[in-house]
Structures are given as C-alpha cells and as structure tokens.
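K.L.:
Sequence:
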Amino acid sequence: MVLPRMKKSILHRIVWQSLLVSAITILLLSTLSYVIARSVTTQQRLFEQLTLATNSRVTLIEAAMERAKVETSELVGRQEAATVLRNPSLLQELWLQRSASEPTLLGITVFHADRTVAGVTGARSPVPFFDLSATQLVPFVDRKKGWQAVDVYSPIHGSVGDLTGVLAQRYDVAPVLASIFSSLGLGETEEVTLARKQGGEVFVLSHSKDGPLQFYPIGNVISPHIEGSPLALAVQGQGGVSDTRDEKGRSVVVAYRYLPSLGWGMTVKVAGSEAFAKVARLGFFLALLSLTLLALSGVFGFIFARRITAPLLHLSEKIRVLGPGHWSFERSVTTGDEVEALDHMIADLTSRLKMTYERLEKKVATTADALQKQHELDRAILESIHYGVVAVSADGIITDVNPAAVRLLGFDRPEFIGRKAAEMIQLRQKKEAFTPATHPVARCLSERAVFRATQSMHLNMVCKDQTILPAMLMVTPLLHGMDLLGAILIFQDVTEERQTDYMKSDFISLASHQLRTPLSSLLWYTEILSTEEADHVLTDEQKEYVAEIQKASQRMANLLDTLLRVARMDEGGMVIEKKEVNLVEVMQRLAEDLKDAAKDANVTSIIDLPNDPIPLSVDPVLLSIVLQNLFSNAIKYSARGSVITFSMRAVDKQAVIMVQDMGIGVPQSEQPHVFEKFFRASNIRRMTTTGTGLGLYISKRIIEDLGGTITFASKEGEGTTFTITLPR
Numbered sequence: 253m254v255l256p257r258m259k260k261s262i263l264h265r266i267v268w269q270s271l272l273v274s275a276i277t278i279l280l281l282s283t284l285s286y287v288i289a290r291s292v293t294t295q296q297r298l299f300e301q302l303t304l305a306t307n308s309r310v311t312l313i314e315a316a317m318e319r320a321k322v323e324t325s326e327l328v329g330r331q332e333a334a335t336v337l338r339n340p341s342l343l344q345e346l347w348l349q350r351s352a353s354e355p356t357l358l359g360i361t362v363f364h365a366d367r368t369v370a371g372v373t374g375a376r377s378p379v380p381f382f383d384l385s386a387t388q389l390v391p392f393v394d395r396k397k398g399w400q401a402v403d404v405y406s407p408i409h410g411s412v413g414d415l416t417g418v419l420a421q422r423y424d425v426a427p428v429l430a431s432i433f434s435s436l437g438l439g440e441t442e443e444v445t446l447a448r449k450q451g452g453e454v455f456v457l458s459h460s461k462d463g464p465l466q467f468y469p470i471g472n473v474i475s476p477h478i479e480g481s482p483l484a485l486a487v488q489g490q491g492g493v494s495d496t497r498d499e500k501g502r503s504v505v506v507a508y509r510y511l512p513s514l515g516w517g518m519t520v521k522v523a524g525s526e527a528f529a530k531v532a533r534l535g536f537f538l539a540l541l542s543l544t545l546l547a548l549s550g551v552f553g554f555i556f557a558r559r560i561t562a563p564l565l566h567l568s569e570k571i572r573v574l575g576p577g578h579w580s581f582e583r584s585v586t587t588g589d590e591v592e593a594l595d596h597m598i599a600d601l602t603s604r605l606k607m608t609y610e611r612l613e614k615k616v617a618t619t620a621d622a623l624q625k626q627h628e629l630d631r632a633i634l635e636s637i638h639y640g641v642v643a644v645s646a647d648g649i650i651t652d653v654n655p656a657a658v659r660l661l662g663f664d665r666p667e668f669i670g671r672k673a674a675e676m677i678q679l680r681q682k683k684e685a686f687t688p689a690t691h692p693v694a695r696c697l698s699e700r701a702v703f704r705a706t707q708s709m710h711l712n713m714v715c716k717d718q719t720i721l722p723a724m725l726m727v728t729p730l731l732h733g734m735d736l737l738g739a740i741l742i743f744q745d746v747t748e749e750r751q752t753d754y755m756k757s758d759f760i761s762l763a764s765h766q767l768r769t770p771l772s773s774l775l776w777y778t779e780i781l782s783t784e785e786a787d788h789v790l791t792d793e794q795k796e797y798v799a800e801i802q803k804a805s806q807r808m809a810n811l812l813d814t815l816l817r818v819a820r821m822d823e824g825g826m827v828i829e830k831k832e833v834n835l836v837e838v839m840q841r842l843a844e845d846l847k848d849a850a851k852d853a854n855v856t857s858i859i860d861l862p863n864d865p866i867p868l869s870v871d872p873v874l875l876s877i878v879l880q881n882l883f884s885n886a887i888k889y890s891a892r893g894s895v896i897t898f899s900m901r902a903v904d905k906q907a908v909i910m911v912q913d914m915g916i917g918v919p920q921s922e923q924p925h926v927f928e929k930f931f932r933a934s935n936i937r938r939m940t941t942t943g944t945g946l947g948l949y950i951s952k953r954i955i956e957d958l959g960g961t962i963t964f965a966s967k968e969g970e971g972t973t974f975t976i977t978l979p980r
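Quick note on numbering: the sequence shown equals residues 253 to 980 in the working numbering.
One should not assume that every hint holds.
Unchecked claim - The calculated DSS-like cross-link candidates involving lysine-lysine, where the alpha carbons are at most 25 Å apart (straight line), are: (1) 716 with 682; (2) 905 with 952; (3) 952 with 683; (4) 449 with 321; (5) 716 with 683; (6) 952 with 682; (7) 500 with 397; (8) 830 with 952; (9) 952 with 847; (10) 716 with 672; (11) 830 with 682; (12) 672 with 683; (13) 606 with 570; (14) 397 with 449; (15) 500 with 396; (16) 888 with 847; (17) 967 with 888; (18) 683 with 830; (19) 952 with 831.
Source of the hints: derived by calculation from the structure; they are not laboratory data.
The structure presented is a predicted model; accordingly, all values stated were derived computationally and were not measured.
Whole structure, please, built from the sequences with the hints as guidance.
P.N.:
So, in structure tokens, the structure goes:
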C-alpha cells in the first residue's frame, strides 16, 4: 500500500500553534508578575509609612519628656531651687521668670526633705512618696479627662550632698498631644492610642478620634481578648507592625511602640480596607487579567483544536457506520498530513476486514451447524439413557431434566423447571427425610464435592404419587475454574436390586438359623472328642481330624454370627447401648489384646494414646468390634516384620482414632467399593487369607449409627490408613 505524500505535517502545525499559545501565555504571565510585584511593593510601602509615622510620634513624646527633665535638672543645678527652698517668697519671682520662657509650664512646687510643702505657685504637683535619687518624670492623668500634664521631680542637695528638698515642675502636655494626634496622612480611619499598665490592667489614656477621653480600663494583659494584642504588647515593652483585627473585629494594620520615659504604650492603626484599597484594586485587576488569560486560552485552544480535529471527526463519522452489510469506505480527506494518510490506511483496512468478516461468517455458520448437530446428539443420548438426569443451577434451581427422570418420578417436565431441587427430589434414608440443608444437592453445591450414595445408605426417592422409589444416585458439581456453575444429579432405579438384596438377606438369615443347630451339635461333639476321656480312644491321626473339624466348625460358626449380624443390621434390628466412658481407658484395654494378636503374627504394633481422659458417649462393645475388624485386617494383610500404628487424639469436639498399616493396600480403581457388602479387593483374593468381605461393611454401619464417620486412604503396595471420627 502506497501512502499519499504529506504537504504539511500535523506535528508541524501543533508545534507552531503551541509556540503561539506559549508566547501569549508568557506575555500574560509577565504582566501578572508585574502586577503582583506592585501589589507586594504597595503593602511594604504601607508598613514602612506606618512605622515611620509611629516612630516620629514616639520621638516627639520622648523629646518633650526629656526636655522637661533637663530643664528641671538645670534649674536645680543653678542653686535657684536651694535659694527658693530657704526663702519661699522668691518662688513667685521664679515662676514669672520660668513661665515667660516656657509657656507649657503650669506650676512650681517646692518640698522640704520631709516631703512637706515649702511653697507653691501655679498648678500644684502631688507629694512625691518615692525615692528621689535622680530626676524623675511622673505623668498626671485625670480619671475624667485623661492625660493632662507631666510632673518632673528633681532632688535639691545641700553643700555636703545631703537631700534638703525637692523641686517639682508641672508641664502642660496639650501641645504634645496635639502634635501626636495630628493627621498622619494615612487616611480617614487612622487612630493613635496611648495606654499604660497599672497592676495587671491596661488603661487607655487618650484616643485621637475622641480627644482626651476618660481614664478607662480595657482588660488584663493576660485575659483572652487582650493577651497578644498590639496595645498589650506595647505596654509590656514590645514594638512592631502587624495585620490583625481590633476589639470590634475590624481588619486593621497596627504599629505599636513602647514609651520608655513614661512606661506607656502607643499604637497607630488604620483600617485594612482603607490601607489595602490599592492592593484590592490591584487584586481585582489581577483576577480580571486571569479570567482574560483563561478565556483567551480557551478560545485559542478551541480554534486550534477545531482545525486539527475537524478532519479526524469527519474520519470517525465514516468509521462509525462501518459494520456487517456496510463495508464501503470512500477516501475523502485531502489535508495533506497524517490524517490523509490515516484515511488511506483505513480504506485499505476496511477492504481487508470485509474479506475477513466474510470468511468468519462462513466459519461461524459451519461451527454453529456442527454444534447444533452435537447438541442434538447429546440430547438424543440424554433422552435415551435409562438413568434419571437432573441439571441444577448454582443456587439449587432445576434447569433441565431428561425423560427418564420424568418417567421415574412421575412429574411433568414443566413441573421440574424453576423449582428447588430439594423440594422436587425428596429423599429418604431409613424412613427419615433429608432436610434442605442435608440434601445431597445442597451438600454438593456447598462443599463443591461429588456426593455418591452407597448401597448401605438404602436411599429412597418420593414420586409424585407418594410411592417410594429405591434409588442409587450421584451428584457432581459443575466447575469452571473457581466458579461454580451448578450440578448434575444422576439417579438409577434399583428396585429389583433392592428386592434381590432383601431376598438374599432373608435367605442368609434363614440359612444361618437353620445351620446353627446342626453346627452347634457338631461343635459340641468335637469338644467331647477333644476331652481327656476320649483322648485314649482316638489315634493321633483321628485327633488331627477332630481338630481340623473343630476349627472348620468354629470358622463356620463365626461366619454365621457375622451373617446374622449383617441381617439384623439390614433389618434395623441392631440395638445401640450408649454410655459415658473414658475412651482412653477403653482403648488401653483393647490395645493389650491387639498387641498380643500382633505379636502372634510377628508384626510390630505401636500404640499411641493421650494421657488426658477423653469422655465420650458411645457403645463400647460395638466400637470394640469395629476396631478389632480394622486391626485384624491390618495384621492379616501386612507382611511379617512390618509396623502397625494404633493412635487416638482429641481434635476440637471430636475423637479421632487411626489404624495405619504397611500392608498390600487397595487398588485405586476398587477403593469406591471398599465398604460394600461382600467386597474383597482383587489383590487380596490372590493371597491365602480367609475373609467374608463383611467386616468393613459392618464397621461402617456401626460407626454411622454411632454418629461418626469412617474414611480411609490407601496406596497399593504401601499400606492403608483408616480414620474414625466420633463426636464428643
């Protein structure tokens, strides 16, 4: 296939369009960066302006306070204060002289060394009750008018340096407050606040918006609404700038400083909305620019994508209609790029798909015809067999039945379909009905294992007319990997076999009873001939004949006992007498007899019993019969010198007994028949051992009647292990 020559590659178009979008994006991002930088610069400039304004106010206050202290100290140093102290009448003259040069001076007060007033002119200063080793400044705060003045105290010393008095001058702070509260140029919401800490409380002294306010507290410095606030930090000697919220919850920018000369704090704040008005406008512009960038990107992206995808969309529309009966594809794209090449390739691929589809249609038709024939053949086989076959789903619903199942059970086919298998296929064992949980179909589906009924189970199926149908059945799960698809139930009418079995049992019972009387007489006579009185009458050869007759008669008597026991079991006449026993003690007594039997056969026996007692409700006589059968078989079919292990243990709420030998084992193909009546394995029949084939049948029946289970595992030539499980 020859592809058309491309005039312009999609790759080149995408590269150029990407470069265009990148250039626009870079331009817009540069603009955004400039706007953001201006926003940050504006905020920094605001903080610097606020800090500068605050520092200028602090400097103004500190300079005024320092000047007052210096003037007072100089006045004392010129000995004028000492002269006034000795002659208080000169105080008025000093006042006139000082007030002329210092308009803010409100008054002068002179105190003796004992703090008594020597003279006053103008506003009087309070008595200083504090140590005056140096000049001190004390603010005068009126509780109704706020900060009004400042008193400066300076000690007056005598010629020998002793304290002779104190000079106090009161200065008006109105000019200082006027300068502090003058406009800072920050905006209409600017505020200046003075506060001091008295004890643990913070008191506001003056406020720029309301003028000299009353002296009022705002809270303790450690109270939740005050702690960490700029005003609280200022009165505690700290300074800084922060973007926070005031006591009314408004966003503000605050600069706070400590006034060392007064021990006060000062804050200068302005509303955040006003302070960041320019920033907000810049933010709005930034958002608008971002939206513009987004819109432009979307528009350009749509335009570029449209130009690239239009041919592809047209191509996809042509591909969408392709299908059975419509395989025509005309080449119509002439863009000269990869899309035109793709259009050419799809046209070629469509022609190939058409040929492949036609071949597949023929193959599918042939396969479907073969499957239909196979289905009809399977159906014919299923309908022709005499066994009843029932198919069920994974949830136990009947999905199909064959004619034999319909004929044997008496239901019509529609009556089966869609019904629960446990409801339609009713089973009984010895007159006891299976529950939905114990039904073989339910067990097979839940355990995902084959259920195979044995002859000893004597299963019966209930027909539509409530008659009983003796049957053998097997349920097999249908698995696909780990998925359960359903199950197949197959059953067989064994009415004739069951009747034959009953007749055989009746015959055996009758024959056993009829043979017991002459056999008992024969045993009695052989015992007489074996006594010491008859010993001198018989020759040695005759004695051997009598011994052989006695052994054969005893074997016949044992066989008759076994046959009678089987007959009673089949008739349901076996009586079970359970009682509470210590299973360990029962096994210990039985183990001694088993050891002797193993020793006589030259076989090593290993007895492994637990030390702790295992209480169990069981018939010890019947259990002993079972264990004697198993141990006898293990000895009988084991070579001389081999090992037999007899063990028991308690597992959860069960007692587990195991008999393990190293004998000839059971062939794999014959293992399903081990517990059947009169069964003897083919490899056993080649040996010289005797047996009836009833021991394991009787053992299984006894264990099941005791409520337990008996299983085995065997490998021909290696040995067999029988396991008995009894509920505790």
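K.L.:
Hint check: residue 888 vs residue 847, CA-CA at most 25 Å. Holds or violated?
P.N.:
holds, 14 Å
K.L.:
Holds or violated: residue 952 and residue 831, Cα atoms, limit 25 Å.
P.N.:
Holds, at roughly 20 Å.
K.L.:
Is residue 952 close enough to residue 847, meaning Cα to Cα at most 25 Å?
P.N.:
Holds - the C-alpha atoms of residue 847 and residue 952 are around 24 Å apart, at most 25 Å.
K.L.:
Take the C-alpha atoms of residue 716 and residue 672, compute the straight-line distance between them, and say whether it is at most 25 Å.
P.N.:
The hint holds at about 15 Å.
K.L.:
Verify the proposed pairing of residue 830 with residue 682, using a straight-line Cα cut of 25 Å.
P.N.:
holds, 21 Å
K.L.:
Hinted pair, alpha-carbon criterion (25 Å max): residue 449, residue 321. Please report holds or violated.
P.N.:
Distance ~22 Å between residue 449 and residue 321 Cα, so the pair holds.
K.L.:
Holds or violated: residue 967 with residue 888, Cα cutoff 25 Å?
P.N.:
Within the cut-off at roughly 17 Å; holds.
K.L.:
For residue 500 and residue 397, compute the direct alpha-carbon distance and say whether it is at most 25 Å.
P.N.:
OK: residue 500 and residue 397 at ~24 Å, within 25 Å.
K.L.:
Are residue 500 and residue 396 close enough, with their CA atoms no more than 25 Å apart?
P.N.:
Holds: residue 500 and residue 396 sit about 23 Å apart, inside 25 Å.
K.L.:
Are the Cα atoms of residue 830 and residue 952 separated by 25 Å or less?
P.N.:
Distance of about 17 Å is within 25 Å: holds.
K.L.:
Need the status of pair residue 952, residue 683: alpha-carbon distance at most 25 Å?
P.N.:
holds, 19 Å
K.L.:
Holds or violated: are the alpha carbons of residue 716 and residue 683 at most 25 Å from each other?
P.N.:
Within the cut-off at roughly 17 Å; holds.
When the structure is compared with the earlier hints, no violation turns up for any of them.
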